[in-house]
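S.K.: Full structure from sequences and hints, please.
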Amino acid sequence: MLLDGNRIVLGTCYYPEHWPESMWREDLARMLANGIEVIRIAEFAWNKTEPEEGVFTYDFFDSFLDLCEEAGMKVIFCTPTATPPAWLTHKYPEALNCDLSGVPYRHGLRRHYNYNSPIYRSLSARITQKLAEHYAQRPCIIGWQLDNEFNCEVNVFYSEADSAAFRVFLKDKYQTLEKLNAAWGTAFWNQDYTDWAQVYVPRQTVGGRSNPHQELDYLRFISHSARSFAKLQSDILRPYLKPGDFITTNGLFGHLDNHAMTAESLDFLTYDSYPNFAYCMDTDHSDPTALYDRKWSRNLSETRAASPHFGIMEQQSGANGWINRMEAPTPRPGQMTLWTMQSIAHGADFVSYFRWRTCTMGTEIYWHGILDYSSRDNRRLRELKQIHAMTEKLAPVAGAAFKAEVAILRDYDNVWDAELDVWHGRVEEASQKALFAAAQRTHTPVDFVYADHASLEQLAKYKVIFCPHATIMTPACADMLTQYAERGGTVVFGCRTAYKNATGQCVMDRLPGLIAPLTGADIPEYSFIAPDAGRVTIDWDGTELEAAVFADLVEPVDGVREAVYTSDYYAGSGALVSKAVGKGRAYYYGTAFTEEAARVFMEKLGVASPWADVMELPESCELAVREKDGQAYAFVLNYKKDCAKVVVKRECADVLNGGTVCGEVVVPGYGVMVIKA
Amino acid sequence: MLLDGNRIVLGTCYYPEHWPESMWREDLARMLANGIEVIRIAEFAWNKTEPEEGVFTYDFFDSFLDLCEEAGMKVIFCTPTATPPAWLTHKYPEALNCDLSGVPYRHGLRRHYNYNSPIYRSLSARITQKLAEHYAQRPCIIGWQLDNEFNCEVNVFYSEADSAAFRVFLKDKYQTLEKLNAAWGTAFWNQDYTDWAQVYVPRQTVGGRSNPHQELDYLRFISHSARSFAKLQSDILRPYLKPGDFITTNGLFGHLDNHAMTAESLDFLTYDSYPNFAYCMDTDHSDPTALYDRKWSRNLSETRAASPHFGIMEQQSGANGWINRMEAPTPRPGQMTLWTMQSIAHGADFVSYFRWRTCTMGTEIYWHGILDYSSRDNRRLRELKQIHAMTEKLAPVAGAAFKAEVAILRDYDNVWDAELDVWHGRVEEASQKALFAAAQRTHTPVDFVYADHASLEQLAKYKVIFCPHATIMTPACADMLTQYAERGGTVVFGCRTAYKNATGQCVMDRLPGLIAPLTGADIPEYSFIAPDAGRVTIDWDGTELEAAVFADLVEPVDGVREAVYTSDYYAGSGALVSKAVGKGRAYYYGTAFTEEAARVFMEKLGVASPWADVMELPESCELAVREKDGQAYAFVLNYKKDCAKVVVKRECADVLNGGTVCGEVVVPGYGVMVIKA
Amino acid sequence: MLLDGNRIVLGTCYYPEHWPESMWREDLARMLANGIEVIRIAEFAWNKTEPEEGVFTYDFFDSFLDLCEEAGMKVIFCTPTATPPAWLTHKYPEALNCDLSGVPYRHGLRRHYNYNSPIYRSLSARITQKLAEHYAQRPCIIGWQLDNEFNCEVNVFYSEADSAAFRVFLKDKYQTLEKLNAAWGTAFWNQDYTDWAQVYVPRQTVGGRSNPHQELDYLRFISHSARSFAKLQSDILRPYLKPGDFITTNGLFGHLDNHAMTAESLDFLTYDSYPNFAYCMDTDHSDPTALYDRKWSRNLSETRAASPHFGIMEQQSGANGWINRMEAPTPRPGQMTLWTMQSIAHGADFVSYFRWRTCTMGTEIYWHGILDYSSRDNRRLRELKQIHAMTEKLAPVAGAAFKAEVAILRDYDNVWDAELDVWHGRVEEASQKALFAAAQRTHTPVDFVYADHASLEQLAKYKVIFCPHATIMTPACADMLTQYAERGGTVVFGCRTAYKNATGQCVMDRLPGLIAPLTGADIPEYSFIAPDAGRVTIDWDGTELEAAVFADLVEPVDGVREAVYTSDYYAGSGALVSKAVGKGRAYYYGTAFTEEAARVFMEKLGVASPWADVMELPESCELAVREKDGQAYAFVLNYKKDCAKVVVKRECADVLNGGTVCGEVVVPGYGVMVIKA
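Those sequence lines, one after another, are chains A, B and C.
Just so we're aligned, residue 308 is where the first sequence starts under this note's numbering, counting upward by one.
Just so we're aligned, residue 308 is where the second sequence starts under this note's numbering, counting upward by one.
Just so we're aligned, residue 308 is where the third sequence starts under this note's numbering, counting upward by one.
Hint data in this document are derived by calculation from the structure and do not stem from the laboratory.
Hints may be right or wrong, so weigh each one.
One copy or any two copies: either way a pair holds, since identical chains are not told apart in the list.
[To be verified] DSS-like, lysine-lysine: derived pairs with alpha carbons at most 25 Å apart:
1. Lys480 to Lys381
2. Lys911 to Lys947
3. Lys486 to Lys355
4. Lys692 to Lys947
5. Lys381 to Lys549
6. Lys478 to Lys398
7. Lys890 to Lys710
8. Lys398 to Lys486
9. Lys710 to Lys956
The structure displayed is predicted, hence computed values, not measured ones.
M.R.: Take a look at the structure:
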């Protein structure tokens, strides 16, 4: 039913355990009357099935599911492991995660467990099995969610069980301490290990940080641990599922290889989309170039990268806010619709609102659902009804693929390295922001592609690939990109590419290391741009660009010098080198991207604004395109409260309003237009 | 002698244990010569009476009290429990308070104990008993201070003893875990408790905070613990007191119901007043509307609320400063006088300066007393002598009540909820600041009244009551306010009133919940004002107000729409609804107060500037009025260094200077005028 | 060979354990070819000699030293105690330092040990002995470095072993608890100790800080502990050294009396000079008056104070940066030369670059050496070669003393008190910055002199001594300064001088306490300058100065009133008092120094710009002068990227370029000129 390529389906999150049983029936009827066909339940309800250790009761959800079946509501059921019961953590404190100092995180919030505790894994396996045995055959159930938001709240783990599991992980990886010592560069600062018992997850040090190669392996280990915990549950659930039922979980959170987890444990991934985080009271609003809620398109593209078919498990439908933080305003009239369309435009064919009723107790009393505390009809419920009407008109879009000619190449090792390594982090942050913003403002749809999970065939779909700062470069990746270029692709590297190997150690070759042959470049000198350097400029055939954060002085070996620095002591040194490779070309750009530089690259490489012949849009509107059976559907999303004027250059069908549009069209504030392009 | 309604009495704090015995006699004589009639002693001197566990010696204070009696100095003696001896906490570390992680706070500062440790309560009870037995009959002693500044330094407690006592407190309150689970909303996030042993005071969690209903009960528990510790001492002391001797303690600090503590353990409360905190080096001085030292009038009003008769136990007489923080300048010439008059104007008939000599050792070497390290005569000692002359002229004011027609209604549950709940906190902070500032600048005396300790009769004294954001509303409070209005009072509520019940859970009724009948209002929609919303305006009969922080869209049910929003998507929705109730009226204002809005309310409701027919004052002067036997005494306090011009509109007696004043009168910088009005 | 007064010698830091043995020979040859004559090795290589507890192997460094001897490279060998092996801290966690809460700092960085652990001292002694026995007679070795950067990373210690050693230290100092209680002022806040077991190093308290007199003793104890650990090693090494071989260590770090350590354990001190810390990405660059890398001259002067002959063990030769912090740019062309000359100008006759090759692994991959990862020839290697040529020309300067007529008097007790005491700290920080900047910009060379390590003869070399805020004054220091003045010297005190004694307790005398007789001054009143006071001015014979931070109102007793305050309520009170003393004069200035005030003092006292008759320099250049056998060598250092014009007023020999200079000379950006003056 979900993601079947035929319809866009709406859902919501419901918590029968929060409301008197007497309300259930009416709630279900009211949802259905407003277009909600699926509900997610039970992700925080361990006690409803196992109120004491080893005592299992099923009455509660049996009653509820009976009503669902009676009403015709479909259900996504969850494993409850995100919130261990008080009896569990009180009896087994070893199941708790700890901070870096070893102090446990206690009962009182959520996600306070660690993935590696043997007892927690055992009790989690048992409750999963019990739920599957009892509920999996219920006709109303269409799928399962594992846990809730793996790696949310905290994505570092320092319990004793984590150190024990880390040792096992490392033994699997390195076999011997000699190899571990070599990979971690323990010759530096006399850190050699002579016994596996000396090896721990990072602990408190005088500088707050540990060996960086250990830390890189540690982030890989966290991902491994979360995936292993997901797979533990998925492997138990799978045999009990009715044909067609799915397993998913909701993201996206850090220190987790979502691609691998999806491949090994899920049918598809879901995303929890809260664009109003952009307007939290404690958010910095001083950046005039910020994209605010439009930035969530980046997250949706990341989700699509890991799971080409995906849904939204939690779509914002009210104000955000915990009792102590994350205060955000109520979505303005139209924004709930806009954000739903944003999700659909980026590929989601299932959108489930968080949540039906706003909770009246606990930490999340300000995390509003569709209904307020009183559950009376309100403006957002009316908006839901309109959205439902829109999604019915969008049925032809279901199953359509997102269409992009440009990709931004990433991989998990580099994502994590950028987090650990402040040099890498600064260039990465600047360029990721710039590339995304330039793509948005030039109406150039982009995909994220993960090199560690991509095939040459996947790459070959794109005309241009930006690989901004793959500090860690592997021979496999360098080979794949070389072949991509040879077949006619254009690949653009930014500064600092390829000076590290997979351990995070620096290569002793001439830079840019493994991609030197591909780019024909050589980097005799490099530096952070000094805070007192002022504006450092580059001349690229008469176009002035500004160097950002870092300057590789890059010179051609068997490539071509395309641009030079024009200020500071860099003046006259090369800033951009390219090399023809087979039918394609590789570029090495010796700095991080500004938004302007990213735009210039897209324009010079001929991939900017691919729909310019169909439509002319103001920068303030996003363009996103899905395509199925040769038919493109172009979504125009207006994130501003003011109207936007769009010029449609040829007559196109208006999917939402019927009829056709041509010439100047006004998209209202927070409005959406979908045309067959 | 103190607070007898006949005289204003001056005192100081003296530490015989800091000085050679040879200095005592001269110090006492010099104090008396400068108008000091009372000294407080011994609040940090446990070791002087019990130098080792169970060994009691009385010689030290006996010698000192002999000298006091000889000199004619009166004494307030203290229980010494604020600073446990090293031998005690070394032997009984369980007496120590701990941080959230469970790490103890050690010997080396003060107030490092917890109120609930059985051994600390037992040893505290014993030293109190010993002191009472030995000293209570001394003729020079006129009263006792319990401990010193309960809940100063730290007002959260996380020791094992606190968890044990919390369980007892909760059992008393809820009887069963079922009721506790219901009150704490443990159905949310699967937090149900199945055994009392699972219940703790808040501990470290992944989000830094615990269940909010637990936390609200925890703050109530802290107050309960401090009160219980005070009462333990008071109950021991009381039987030993000479007739007329009093028990007090000094405040004000957080997480403590001062009303209840005063009622059950004290004869009256004292306040420690340090207005120069407003000028600390690390204070933000960027707010052009800040009231600085004048803000201390707010604290004095809070003290008066809890204890209509009160004194100042520590009145600033020199620069503040610990060795590591709280650096503030020396009071300027005149400020020590000004602040003393501020205290008296707000109701204090006893003012004791902190401290006679500045300490030469320990953490507080920069917390200056009247005398500097050398103890030579100085400018502040000369100022003291002048103050004494002034207080003698103010004898008729002694016992007079503070006079106000406007009250700001508060209650402890809402004070604590505003601390825990960031939505509540933001509106509360804005409105409290605005209402106080508007009252100050319009010369409208106000009282604070605590709904949880007030009777209808107390409320009836006021023409207008502002109840800005009583998020937690009880049926009793709603009833009392309804009766208040019915009898002719005007009550003004701000946004977010009454959406919670006493557990801190949100009501599932139409908002504003329990006060919907009283206000005739309905709130179909609400939101934080988004950071990008710009200035949100309201039109109230042609007067433009600015909405602050939050916007309830409020519509009349059986009330009247008084004002509407005029900007953003709120435009056209109601912003202020009123309803006639009996002889009075209730208002619901859908946002937080700006100072301008508060001023407009006071003016429109006819309570602004009640003494305008007697005096015309610049905004920079405070007006405070005390009344006794039908005679009003108006204090004009000039907080600026420049002269202020006051126009006295009818001939009035000048209490300090004798004679009468009429027409334009110049009050010098930091000067004070008191007239019979 | 080093510091022999005949030559300037260049060195580098080399890590044979980081590179394949096959690279060693070529590296050594290449160093020598570029002017490197000495290398430092082995400071982080404990495992290379003792890979398991009690198992010693010498092959690794034997092989390497064989190659050194073959190549003719001289070696500084290090004791390896800065980085304990994993096997050690795993087996003996008591060797670890802890944070204030008692949580250990673990393996994974460096310097995680405590100086007082008996087992760590024992194992450190043994490895030192083994290394000395085996290597000390090697001909290539010319000296030893103890550990590496004592008190770097962390300079507070809270392990159990530290508390145990602190008790021993205190018993030595005070003998009895009565004396300790008196010195620590435990009468304040009832802190008396009745058993030595109750005494600890500072621990967590509710205010974050402990008794300030205890804390002052604690900082003295840290210094004592580090010195004791250094001496433990030095005493073992010394008997094994070949004649002429030296012992040194590298600094400078806090909480360490470098004078005493040098005197008792070293032949001379070395400094690690990284001027590009001034340009770190996370440095505040908003201060327009900042001296940036020129400020390192202050550190070099401090090193010279502790060790008149000294070297640079680590001179910056590339970008700084740990993987997680301290990001700084690559030195610009010329800066490596400039900073080397800065070191030499201030007295260093040995300059060793950190490091030969940039490390490819571990925390310091961004702490660049001369060579980059690839080890190819680069710009910095070329610069080294030029520097070497320059140093050969500077051979006559070797052994020359730095020449200054002005001293800034300091002492360790006051350095530490300023760290603990925020009143002291604020005035000290302001005045130290101001005095150094004024001296730099007026081209007035200054020395630092430590009163606690100086003789009257040493003081007598200076015309003027600034003693800005010696809060703690001892009779010995007051006497020495009185004699200094009597013999003709001029001493200038700033506010707050001498109000404390050696315990850190305030004196009960009239201020300025022990220097009242010397200065003829009396301070009846004082205050921090209130944040709202605006600009507070002083008139000194028609020159307007601005008071900074603090205002002592200072009046003459038997001195002369030189300047008065002219604003705020201070107006008309004295701001500067002087008194003729013998052939000299003492000044008491009642506030902290601004740069302008410091300049005015230097000018009025006739010590500003002593080389003005030889040279006229722009403010942006530093002037530093060394003198030997009556010949002065004046170094002009241009810290700006733009050229500087210098006017040489008489014909002088140009040491670096040969020939003579006279008239206008252009010093290029980052350039250096050395003339015989």
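S.K.: Determine for every hint whether it applies to the structure shown.
M.R.: These are the hints, each one checked on the structure:
1. Lys480 to Lys381: neither (43 Å within a copy, 42 Å between copies)
2. Lys911 to Lys947: neither (29 Å within a copy, 39 Å between copies)
3. Lys486 to Lys355: Only across copies: Lys486 and Lys355 sit 17 Å apart there, 48 Å inside one copy, limit 25 Å.
4. Lys692 to Lys947: within (22 Å within a copy, 61 Å between copies)
5. Lys381 to Lys549: within (14 Å within a copy, 78 Å between copies)
6. Lys478 to Lys398: between (31 Å within a copy, 22 Å between copies)
7. Lys890 to Lys710: Cα proximity of Lys890 and Lys710: one copy only (23 Å, versus 69 Å across).
8. Lys398 to Lys486: between (39 Å within a copy, 23 Å between copies)
9. Lys710 to Lys956: This pair counts as within: shortest intra-copy Cα distance 20 Å, inter-copy 75 Å.
Of the numbered hints given earlier, the model fails hints 1 and 2; all others are met.
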